[in-house]
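Chemist: If you read the protein sequences in the order shown, they are chains A and B. 1 is the number of the first residue of the first sequence in the numbering used here; add one for each residue after it. 489 is the number of the first residue of the second sequence in the numbering used here; add one for each residue after it.
These are calculated hints, taken from the structure and not from any lab test. Do not rely on the hints blindly, as some may be mistaken.
Unchecked claim - Looking from chain A toward chain B, a few residues come up when the C-beta cut is under 8 Å (computed):
1. ILE171
2. LYS211
3. GLN250
4. ASN269
5. ARG275
6. GLY340
7. ASN343
8. LYS440
Said to hold, decoys possible - With beta-carbon atoms standing in for the labels, derived distance ranges:
9. A:THR98 with B:ASP645: 26 to 34 Å
10. A:GLU402 with B:LEU1009: 34 to 42 Å
11. B:TYR631 with A:GLU402: 32 to 40 Å
Glycine included, every Cβ here is placed at the ideal spot set by N, Cα and C.
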Amino acid sequence: MNQPMHNFCGRTRREFLWETGAGFSGLAMTGLLQKEGFFAKQAVGADGVTPFVNPLAPKEPHHAPKAKSVIFLFMYGGPSQVDTFDYKPKLYGLDGKTIPVKTKGRGGARNEGRVVGPKWNFQQYGQSGQWVSDLFPNLATCVDDIAFIKSMTAEAPVHGSAMLQMNSGKIQSGYPCLGSWVNYGLGTENENLPGFVVMLDHSGGPISGAKNWSSGFMPASYQATVMRSKGPAILDLVPPENMSDDVQRQLISTINEYNQEHQLSRGENSNLAARIASFELAYKMQTTAPEATDLSQETESTLKLYGMDNPQTEYFGRQCLLARRLVERGVRFIQVYAGGNHNDANWDAHGDLVKNHTLHAGRTDKPIAGLLKDLKARGLLNETLIVWGGEFGRQPVAEYKEGTGRDHNVAGFTMWCAGGGIKGGCSVGETDELGNEAVKDRFHVKHLHATILHQLGLDPNHLSFFYGGLDQKLVGVEGADPIKQIIA
Amino acid sequence: MLFVKNRDDFQLPRQVKRSSQWGMSLLAASIFSAAAWLIQGLVSGDHAVAGKALVAEENRQAPDDPASGDSSPGFSPEDLAFYRERIEPILVKNCNECHGAGSKFRGGFSLAAREHLLKGGESGPGVLLDKPDESMLIDVINYRTYEMPPSGKLPADQIASITEWVKRGAPMPPPAVPVAMPVHEGPPQVNETTKAHWAFRPVTDPRPPVSQLDRLAKNDIDRFLFAKMEAAGLEPVGPAEKRTLIRRLYYDVIGLPPSPAQVEAFVQDASPEAISKVIDDLLESPHYGEKWGRFWLDLVRYAETNSFERDNPKPNAWKYRDYVIDSFNRDKPYDQFLIEQLAGDELPQVTRDSVIATGYYRLNAWDDEPADQRQAFYDEMDDIVSTTGQVMLGMTIGCARCHDHKLDPMPQKDYYGFLAFMADLQSYAGRGDQMNSRWSQTDISSPEVIQAHAERDAAVQKLEEEMRQIEQGAILKMKGEDQRKTEGAERKKVLREKLKDFLSKEELDHYQGLKNQLEELRKRALPPREMVLSVNNCQMPPRVTPLLIRGNPATPGEPVEPRFLSVLTDDAPQLPTLTPGQKTAGRRLVLANWIASKENPLTARVMVNRIWQMHFGRGLVKSSSNFGLKGDLPTHPELLDWLTTRFIEGGFRIKPLHRLILQSYAWQMSSRPTAAQLNVDPQNDLYSHFDMRRLTAEETRDGLLAVSGELNLAVGGPSVYTAMPKEVLAGQSVPGQGWGQSSPEEQNRRSVYIHVKRSLLVPTLSSLDFPDPDGTCPIRFATTQPTQALTSLNSAFYNQQAKEFAERVRADLQINELNDESLRQCVAQALTLTTNRPPTTAEVERGFGLIQSLRDRGQVSAELALERFCLVAINLNEFLYLD
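With the sequences and hints as input, model every part of the structure.
Modeler: So this is what it looks like as structure tokens:
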């Protein structure tokens, strides 16, 4: 508690915002906030006069940041740790044997199970000798930039609440997501693009849909914008077919003229000015967003690097490439879903593990490796934090009487981070010899969240938002520290 | 993908110990210590200074802290050696980062000195010398309550060492350098001082003060406001223009704009009663309840689905919404309104309305597949207790779930005492019956109809259960892949194709017979019945409500009887004696009567303040859901009490309160402040002018439909589904699931009738700050975002409305041919409709200039150019903001 809280919500301000959300005299509000430095940096409307009071205006971080942006590659459904990065040699020999082991999945708690041996071989890679299974031949070449967390734990072994926890820290519904917290804490560097972007799988969104990128009790300004990698990138980005750019420009100019006249006698209300400026920003967004998603300027070799020359990897490759382009344009938080919809359209391998993971690793391995290499080559990796993982992992034992499917597992699973001030080529935490339960250096989802905020220059224990009589925090009221072991 | 394979297999998962509650105490501690610097920061306006002050405060030794030197009994050298060799290394490696000297002392718990260990942190003493086995320290390292260290359980031999050390009396040398004990300020106590907090005192009836400004006063509200204004050397601005006033009045009371005729009639009416007449008319309009009911729906987090993975509908939720709207329209006394919602099923006279009102208990988000059933049940109850506390009493009761309230005089026992009133309340549903929950749906049809349906339902259920058992038996023998399929949409297909392979001939015949019987039963025609979302099939006798230690369901403490908030009363609730056959415990009615009582100092004040907030943009108490010690003080406490007394005297009726407010000078003032006012009182706490406001999401959409002539003013009924952009549907795991299609006319209903699906909010509403319905919303945000402009320029909805608007304008003026003159008329009419005033010539010429320019460039027809202008007209700030 050495630093004063820097969350624009010292009590006076936070209650002020909370209580007077609607209908408050604009001058008073912006006047106060400016004094507090909240709106220190303002975008300026196209007329060169009108200040635009944007809730997403950039704000000073708590401490010097290591990362400017985050790309969260969300392996929805829950990849199996013992088949990907958590090498458990003993498990192979136990294949098919029923052994005593305590598990807790969607089917409840069990005391024994039939072991499903890992279905892929592992090798050590890189100078650091990290273990990676044969599922990720491309990613394996990047391990010296990656920090593996092999002792992750979460609280809910069912997708709905586990997704909410990985995204918002709470297994309950109604809380702001990680990307919302980041935008609330830091604002956005590029006001012509959304600060929090979500890209979805071709098969559909994840379970609970928009709850996974909701801003909960925060203003809707902080929720994610769903961006599509093909077609119009953002909802309502494109004018109606029969409205030319020239016509639209005239409409906006006319709106501005009316609105400026209206404002003349209401100068004290800066909300009016903000809305005037918002039309200009919207207009700019119409050109900025398509430019950001236009891959025609990318070279052949870049496209290849992301696997866009292969139908299997083209879709996810395009999203990864787009993520890099958004990072270059100052977007703070980008979440890309690998997997959507239900059943085997995502990593949720309850039936045929081999079929499922071959498909999903196959779709993503090359693009993710491409993203890491491309960012590195462009000098962006050190300021871009990449996070990889699902809402939980999977059990070392089978779910059904037959087959290779594994049930959910929150007692121990693997996630990894790279870039953005993360120490490459390391691994922290351990599960037991079955890969079932984290036993050494256990970490909770909140520690991952704390690490992400910390790398962005935010203090996870001080970033708070006042709601329901409490200073709410992403990491919970009890607080959490970053995972020091993986910070460079 | 998450259907539990077989209900019978489903067991309660292992208790999740590190639930989100246990750390509440830490938060409270930080709030507490923060309070000091906040106050200082407020005064100095300099947070850096305040921050330093805080650090200083933390490092200073508490006055009553025994010098952290040696108060330890004389331990033997062996004991001390045991500590040094066996214990200290463990602490250094695993504990001191959070609990050692120089650390943050998480949870207020310090291991830096023996005294600290004995005193313990916020969860109590660390070591009990008389009962070493029951020590918190031993508990946590065995992962019984907390799990310490959190990074992994200590090896068994280390646990044994610590256990032995505790049994020896935790021998420990004094620290080399004295370390201050973490300071715990206790929570506020219930005592004469805290009972004297303004909001806990009885409501008074102050006399309106007198001031020089009274000549302007229209009623006593103004006298209270003027006295303070005068003291600050300010005067109120003049009255608003009539056209401004009528527009303000319409949106304020019914959430819709006036028609040109309504504006003109008011402007022409020079009589002194002109405004009173309109106020009366509007308060009698059925659309009044649609506007004001919505504000109640914000508070009670109204939604029509459960959230979480499946986000299934709450059948018949709309009946609760209609109940709320109707209650406002009929000016139902507020005390009755509360009693019906809390105990409508326990009233001497249970009515259709009063049963529907108990739907209040069913509005929360609900997880049908929780990781921990018991925890989830208490979370659900907490949602209800917290919401009830904040909404009805302005008290954050939820903060006392895990420990005594850190900011208000509210022992933890009060929380459980409050919860105990609801001890007969069941969860929302069981997973299997969530679409027709026996706990949340009540059949209010005639007894004969109920009987007939009940018989059939029972028979169907029995047959289905028997068939399912046969199916599951067979499924267990199938291949994993097929087993998996039976959990989803393909179940029927798999059963159709493969079931026979896994059943004996006998079993198969039996199964087929059951299937035929089921079909027969389903075909039987029965009269329709009416189900309502409500409380039903209460748990009788009611549950025992234990105080949960640290809020953890795994550590129940002593049972708590129902009790009122102890800071408000010492009276014990008079609970009814239970008789056999009683369907509910009758306790909720006792609670309801206490909350809704005239003597309760909070209930009426809280509501009066909310009504004020809705009219003026913020309450006299700005923290309108927190009247506790740390809530805002009222800017005008006498006025609040005076209004509250009028409210209570008037039988808790809300419409007279509206009249009083709407007829005041204060509400009818201009919204143009003077320089002096802005200078002296930038927040307008003195109400020297009216504050402009942006329309709410609903007012914006409804107002738009009203001017475009498309608004369908039908009242009540099942919710409607507006056209949802496919980009938005694409975010769902199954795009389009749970979102229906309504006819174009139905889609043009008022916004309050749009289906509220928790995971799929309507973007045109949520982008204008429609609240997230998972939690109570006492006041809305009003954000300005570029994406709002994208929607209002580009969306199909806005462009469609622009087109309709252009047609409406032409129809109003009966214009067939579009020439320069008629286009000017159209522009004038469009501006009149959106701004509720006649436009100036310059404004008309500007609009006509746009049309001309678009037309002359040759690419756009006059019709289309007019549409484009109409798009401009509905994008004006003057349309979106109220003076």
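Chemist: Would you mind marking each hint as holding or not holding in the structure?
Modeler: Now the hints, each set against the structure:
no., hint, verdict
1, ILE171, "6 Å, holds"
2, LYS211, "5 Å, holds"
3, GLN250, "6 Å, holds"
4, ASN269, "5 Å, holds"
5, ARG275, "5 Å, holds"
6, GLY340, "6 Å, holds"
7, ASN343, "5 Å, holds"
8, LYS440, "5 Å, holds"
9, A:THR98 with B:ASP645: 26 to 34 Å, "31 Å, holds"
10, A:GLU402 with B:LEU1009: 34 to 42 Å, "36 Å, holds"
11, B:TYR631 with A:GLU402: 32 to 40 Å, "35 Å, holds"
Of the hints listed earlier, there is not a single one the structure fails to meet.
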